[in-house]
Amino acid sequence: MHVDALIAPLLNGSAQGALLLLAALGLSLTFGQMGVINMAHGEFLMIGAFAAYLVQQVIVASGLSIPVALPVAFGVAGLFGLLLEVTIIQRMYRRPLDTLLVTVGVGLILQQAALQIFPSQGVPVEKPAWLDGQLNILGYEWPLRQLFTILLAAVCVAALSAWLKHTSFGRRIRATVQNRDLAETSGISTRTVDRLTFFTGSGLAGVAGVAASLIGGTNSQMGAQYIIPAFLVVAAGGIGQLKGTIIAAWAVGVALSYFAYWTTGSLAQVLAFILVIVFLQLRPQGLFTVRTRSLA
Amino acid sequence: MTKPKPWLSLSGIGVFAVLLLAVAPLVLTDHWLNNLGKYCCWAIAAVGIGLAWGRGGMLVMGQGVFFALGAYAMAMHLTLETAGDRIPGFMVLYDPLAPLPMFWEPFRSAGFTLLAIVLLPVLLAGLLGYALFKRRVKGAYFAILTQALAVALATLISSTIRETGGDTGLSDFKYFFGFVLNDPANKLMVYLIAAALLIVCLLAVWQLYRSRFGELLVATRDAEERVRFLGYDPANVKLVAFVVSALMASIGGAMFVPIVGIITPAEIGAAASVLMIAGVALGGRASLFGPALGAMAVGWGQSSLGSTWPEGWTYILGLLFIVVILFLPNGLSSLPARFAAARRRPAEQPAPAIAVAELEEVRS
Amino acid sequence: MSTTSKRMRTLVATGAIGTTMALMLAGCGARAGDETAAGGASPAASCVDTSGSTVKLGFLNSLTGGMAISEKTVSNVLHMAADEINAGGGILGKKIEYVQEDGATDWPTFAEKTEKLLTQDCVAAIFGGWTSSSRKAVKPVVEKHNGLFFYPVQYEGLESSPNIYYTGATTNQQIIPAMDFLAAQGVKRLFLAGSDYVFPRTANAIIKLYAAKLGIEIVGEEYVPLDKDDWTSQVAKIVAAKPDFIFNTINGSSNVGFIKAYYDAGLTAATTPIISVSIAEEEAPAMGHEVTGQYASWNYFQSLKTPTNPKFIENWKKYPNSSGVTSDPMEAAYISMYLYKALVEAAGSFDVAKVNAAAKTNTITFDAPEGKVTLDGDNHHISKPGHIGKINATNQFDIVWASDKVIEPDPYLEGYDWFPADIRKQLTDAAG
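Chains as they are written, first to last, in the working numbering: chain H, 1 to 296; chain W, 1001 to 1364; chain G, 2001 to 2432.
Worth double-checking, as some hints may not be accurate.
Unchecked claim - Listed next, with one range per pair, are the computed distances between beta-carbon atoms:
(1) H:ALA5 / W:ARG1162: 48 to 54 Å
(2) G:LYS2213 / W:GLY1084: 32 to 38 Å
(3) G:LYS2095 / W:GLU1311: 24 to 30 Å
(4) G:THR2363 / H:VAL58: 55 to 61 Å
(5) W:SER1304 / G:ALA2212: 48 to 54 Å
(6) G:THR2268 / H:VAL58: 25 to 31 Å
(7) W:ARG1162 / G:GLY2052: 48 to 54 Å
(8) H:GLY139 / W:ARG1136: 45 to 51 Å
No lab work stands behind these hints, which were simulated from the structure alone. Quick caveat: nothing in here was measured; it's all calculated off a predicted structure. Beta carbons: idealized from backbone N, C-alpha and C, even for Gly.
From just these sequences and the hints, can you work out the full model?
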């Protein structure tokens, strides 16, 4: 066996893991920190991808359009998330399990709306020219686009953790999560905190959507393929644990890639799912956990 | 909460039985009777979901798995019955020389097939439930895990095209345990079996809800820790409910096959599993009739509204999830009680029983 | 505990009564072996009523769910063909009245709606379907009720039914011409990439048989589930296998992911070209410039210069909800409606038996946008010209190869000695 036969799945898998991480990052906020199970997260990802397409219709120079699309997708998907929080989710904090079903309904509506608004076959999102080409790593020609996905995930993780740790808003979020009543008594507006957390979580889905639009099709069905894997990653990583989510996403991505290399693409999906399910049976609290009782 | 009188529920089941077994065959056309049979299959699975989710608080998002066990066991038997001595046609295509896969062989036997429809879900749900509940996996984790299982199974079936028929599924069954399926009289028989099984399932949960076990199950849903301190193991209570609900899903799946004439992975995957939940939520998860009636209503909506206004149906289904869960967490069957309560004590809002329990689950 | 067991007994008794009631009825039904007996498996009498001034036809396409992305256009073009026929006076002087049903990308729904169209709406014929799975779900139902189903998409062949007319290509009209084209290009190493379902699996089984005959080595074969877009792992395997050409049987949006991963990995049309059988003018725009220069094998392209094509394109562009481009499955759907009109007018009746008898004359033709097509009355497929096109920058196809004459349909590949006779026999036995 060539060395590139071993290295290729590792690198490809890392990129797949990075995309999973981007999809899961927002969930680790809304699910991990707020306990909301947003099944429409995949559709927010789709909104991000369509936002990238619309940006490309305005900014024709493809070299610039993707950097511009990233913040736009973040904002647009975030606003959709905010709208969802204000209209529906905020009435449901007392019964988080039911948010799962409500957001299934939201997802259905968003999917059908996208099918009717945009060309049914989907729209193209063009990759910028500076992402053409490969990087030779130990004999394997690694696509630059994959490196971009990994860098994007790294930037999002860094920004998110810095924001949570070092800004006063991040401190307010953590305070609210740990003790809502105490936070409120200390003068923190938990309503604002909830809204901003949900805005950020949904916005991150939008960023993931831009990355996904460079990998697959941009159409009404695209979100559906990410939602369950993303939830599994958050669960396997341990609730509210950023580092757990990162490791879990990477592990799933790499496992998926090696499985695909050794077996078939379909079987790889099945094996990766079973791997995570078995892992969660053995360690239901996930990789990391601070509070043993945080298990939902 | 006042308990409804038991005879009231029982006579309700009686009326339902007369409607399904006697009135429906007389007034409905063959096509709509067959559709009603299909809704009955979903309703059987829904009764089980009502037990596990409504009474037990376990959001079973992967009932498609158990639906599949029953459905594929039945479909494999009917396929072999139709093929006779030959290898089923779809298998020839991918490898003409290979023999029938090993796991198909026992399904030639009618007795083994019926046993498998009952035992396979019991074994799998028992194993899965034991592992999950003993480790106290619940709430959203349980929901996502079961849903992931449904997705994994659907993908597995899709990718094993020679062994299971893949995405196309199994179809074109000519016989049902020796009876010609094309004959309208036999179609009626199949419908009646499905309807009778639905009634049996309703009777079974009616009995369970009245029993000590039913009370323990609700207690486990509302305050698991307290049940534990009282000396019961909540895991066992949940396990029984989960296994029974799996068995019902399997029975529903098994009857779905001769009625609809086809089974595919799409009927068991994420979307199908969620659709099963939709009916239960609409009808009222914790009530006796709610899940069955809700499932039938969703099935009917799909057949009729889906015809006249397909795009609209998707929106309606989406809105149904939102409106019902948001404003009517106990489903349509809670409406009469709500009106009554509102008339008696206009100022007081009836507190939803479910909310408290789930709050505890996530925040505890 | 005794009360419980008594209750259980009541419960069991009630259940038993219901089941017995059901089984008692079984006495009336036919058992295996008496299919020929009266009341057995003979199809129910047709309820089609054409005595008025209209004829009812059913359209069955997925308007929701994953396949809606492809099938909506077929539905629209069927409506257009019906409107055209109505403007020209209808079929046998009767205006078409259509009933549109949604298959919802769910094969049991296709079966249910077929039954509804035939027994509730009493339509004279049904048009639609896209995936092979949807057709296989419709087949038993349309045979049971002795209806007619017109299927407009290229497929894997090895099928025929007295109740189905196939207006898309069978394998010897699309896949075999594509393989001949590859052999003529001097291709020695071929990689097969497909979605994981019946069409790619069967098509690739046939491709492998023919490749052995042509001396083309199959250097790899990869499948990805229909609903998955990510092809990066599989493309890495393609890069390692170093094929001369890739035969692509991927369907739907997964194609976009495939093309992107291919391009990311540095593969290009110049070095490792792709020949596709599911990418047409409709699909190409969603893939952007990255698909430019790749090949596709179809019978119809929008760029074909035939007498009737300009009118077809013009009518479609004017039609409400038009996507603006025409494609092979759309054109095959358009053919199916006109073919039905020709069949009925030759038969002088909407009756299924008479329509099938008219087909048997082998004289039913239509001047289609792809050229003149003739219906084969025995296998219910139509003759078609073979074309290979190359995608240009405007997402149109430049024709690079055309068959000398129209290719007669041969769904069971009887004219090809490399196709094993025993497989053919087993398949026809299993079907019969």
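So, going through the hints one by one against the coordinates:
1. H:ALA5 / W:ARG1162: 48 to 54 Å: violated (28 Å)
2. G:LYS2213 / W:GLY1084: 32 to 38 Å: Since the Cβ atoms of G:LYS2213 and W:GLY1084 sit about 33 Å apart, the hinted range of 32 to 38 Å holds.
3. G:LYS2095 / W:GLU1311: 24 to 30 Å: holds (26 Å)
4. G:THR2363 / H:VAL58: 55 to 61 Å: holds (57 Å)
5. W:SER1304 / G:ALA2212: 48 to 54 Å: For W:SER1304 and G:ALA2212 the Cβ distance comes to about 52 Å; the hint holds.
6. G:THR2268 / H:VAL58: 25 to 31 Å: Distance hint for G:THR2268, H:VAL58 holds at roughly 29 Å.
7. W:ARG1162 / G:GLY2052: 48 to 54 Å: Because 49 Å falls inside the window, the suggested range holds.
8. H:GLY139 / W:ARG1136: 45 to 51 Å: holds (48 Å)
Checked against the numbered hints listed earlier, the structure breaks hint 1 alone; every other hint is satisfied.
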